[in-house]
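Model the full assembly from the supplied sequences, consistent with the hints where possible.
Under UniProt numbering, the letters of the sequence shown match residues 1 to 287, in that order.
Treat the hints loosely; a few may be bogus.
Below are the DSBU-like pairs computed for lysine-lysine, each with C-alpha atoms no more than 35 Å apart in a straight line [unchecked claim]: (1) LYS160 with LYS248; (2) LYS153 with LYS276; (3) LYS160 with LYS258; (4) LYS143 with LYS276; (5) LYS258 with LYS248; (6) LYS257 with LYS160; (7) LYS257 with LYS276; (8) LYS160 with LYS206; (9) LYS153 with LYS245; (10) LYS132 with LYS160; (11) LYS258 with LYS245; (12) LYS153 with LYS206; (13) LYS206 with LYS257.
If you anchor each label on the Cβ, the simulated ranges turn out as follows [said to hold, decoys possible]: (14) THR285 with THR70: 43 to 53 Å; (15) ARG89 with ALA263: 28 to 38 Å; (16) GLY179 with GLU284: 14 to 24 Å; (17) LYS132 with PRO189: 15 to 25 Å; (18) GLU191 with GLU232: 19 to 29 Å.
Think of the hints as simulated: they come from the structure by calculation, not from any bench.
Just so you know, even glycine gets a beta-carbon here, dropped at the ideal spot from N, CA and C.
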Amino acid sequence: MRAFPQKPLFAAAAVAALVAGALLVSSFLVGADRGLLCSISPVFSRISFGGGGSDTAGQLAEALLYYATTSAVPQQSRAEIRLTFDVLRRRGPCNFLVFGLGRDSRMWAAMNAGGTTLFLEEDPEWYESVLKTSPMLRAHHVKYRTRMDEADKLLRGYRKEAECRPGAADGISGLQRNGGCPLALVGLPREVYEREWDVVMIDAPKGYFPSAPGRMAAIYSAKVMARGRRGEGDTDVFLHDVDRKVEKAYALEFLCKKQRVGATGRLWHFRIPPVKANETTTAETFC
1 MRAFPQKPLF AAAAVAALVA GALLVSSFLV GADRGLLCSI SPVFSRISFG
51 GGGSDTAGQL AEALLYYATT SAVPQQSRAE IRLTFDVLRR RGPCNFLVFG
101 LGRDSRMWAA MNAGGTTLFL EEDPEWYESV LKTSPMLRAH HVKYRTRMDE
151 ADKLLRGYRK EAECRPGAAD GISGLQRNGG CPLALVGLPR EVYEREWDVV
201 MIDAPKGYFP SAPGRMAAIY SAKVMARGRR GEGDTDVFLH DVDRKVEKAY
251 ALEFLCKKQR VGATGRLWHF RIPPVKANET TTAETFC
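See below:
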């Protein structure tokens, strides 16, 4: 998630999207059933990612100010952002896990105002750089065990690893302890495993040179988390850069074409249902 060259028109589009988000929150609060509003009002009362006392409107206003006064723009197109925005509008405030930090991170957090938005970034210098200008973001520096030059081997071999198969590590708790599967994300901060994520955006880590971590483990682990979901509803997973070989191959292998519900540009949207409590599987693949 890196900044692209200046694009004034896109910056305006990003601001417009945030305005729409602010209007959405406002209209929801005004039109909501009083009993429901009482039950969720504590959620809207504070910024979840900053830990401070600012209200949701203040969070949105700060994001609007930031994008109105900076030349930094997101790397996703307007249509791609809109795809995720529509889901966050429907599900928010929710638990939103984002692989990657970037100039668009404030936008994602603002679109989920009142919810929990957590960013995972593998580049330590980029992590420090983004948080220096946006210290209110909730983010962790993380490490991956995979390399891009191993992507083909991992894809061919995971079916031979019992720990990697469906059912072996479904759910966040199983993922956390699954060191035997090279695609499982182990060693992440505790809060990644302690929450169930309603929406997941995979737009990192880097995957354009041989020693880069690639997004193989992020894609695999997103599917495992979604399959083991205990709460109500499905998990919405977004994968960016599907025009690249590895992202596309891993998406089709783990996130599954039949569970793809939307696509635009280089972004695919999957809606993944949880495995039923009484369901057992002996399958070797996830699709």
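Here is what the structure says about each hint:
1. Between the alpha carbons of LYS160 and LYS248 the distance comes to roughly 21 Å, so the proposed pair stays at or under 35 Å and holds.
2. Note on LYS153 and LYS276: the hinted pairing holds, with a Cα-Cα distance of about 31 Å set against a maximum of 35 Å.
3. The hinted pair formed by LYS160 and LYS258 meets the criterion: a straight-line CA distance of about 24 Å does not exceed 35 Å.
4. Note on LYS143 and LYS276: the hinted pairing holds, with a Cα-Cα distance of about 32 Å set against a maximum of 35 Å.
5. For the hint linking LYS258 to LYS248, the alpha-carbon distance of about 14 Å falls within 35 Å, and the restraint holds.
6. Restraint check: the Cα-Cα separation between LYS257 and LYS160 comes to about 22 Å, which is no more than 35 Å; the hinted pair holds.
7. For the hint linking LYS257 to LYS276, the alpha-carbon distance of about 20 Å falls within 35 Å, and the restraint holds.
8. Among the hinted pairs, LYS160 with LYS206 is consistent with the structure: their alpha-carbon atoms are about 27 Å apart, no more than 35 Å.
9. The hinted pair formed by LYS153 and LYS245 meets the criterion: a straight-line CA distance of about 14 Å does not exceed 35 Å.
10. This hinted pair does not check out: LYS132 and LYS160 have alpha carbons roughly 44 Å apart, beyond 35 Å.
11. For the suggested pair LYS258 and LYS245, the alpha carbons sit about 19 Å apart, so the restraint of at most 35 Å is met.
12. With a CA separation close to 18 Å, the supplied pair LYS153 and LYS206 stays within the 35 Å bound.
13. A hinted pair counts as satisfied when its Cα atoms are at most 35 Å apart, and LYS206 with LYS257 qualifies at roughly 24 Å.
14. In this structure, THR285 and THR70 meet the distance hint of 43 to 53 Å, their C-beta atoms being roughly 44 Å apart.
15. For ARG89 and ALA263, the hinted distance range of 28 to 38 Å is not satisfied, since their beta carbons lie about 19 Å from each other.
16. Checked against the hint of 14 to 24 Å, the C-beta distance between GLY179 and GLU284 comes to roughly 20 Å, which is consistent with it.
17. The given range of 15 to 25 Å is respected by LYS132 and PRO189, whose C-beta atoms sit roughly 20 Å from each other.
18. The supplied range of 19 to 29 Å is met by GLU191 and GLU232, whose beta-carbon atoms lie about 21 Å from each other.
Violated hints, listed in ascending order, are 10 and 15; each of the other numbered hints is respected by the structure.
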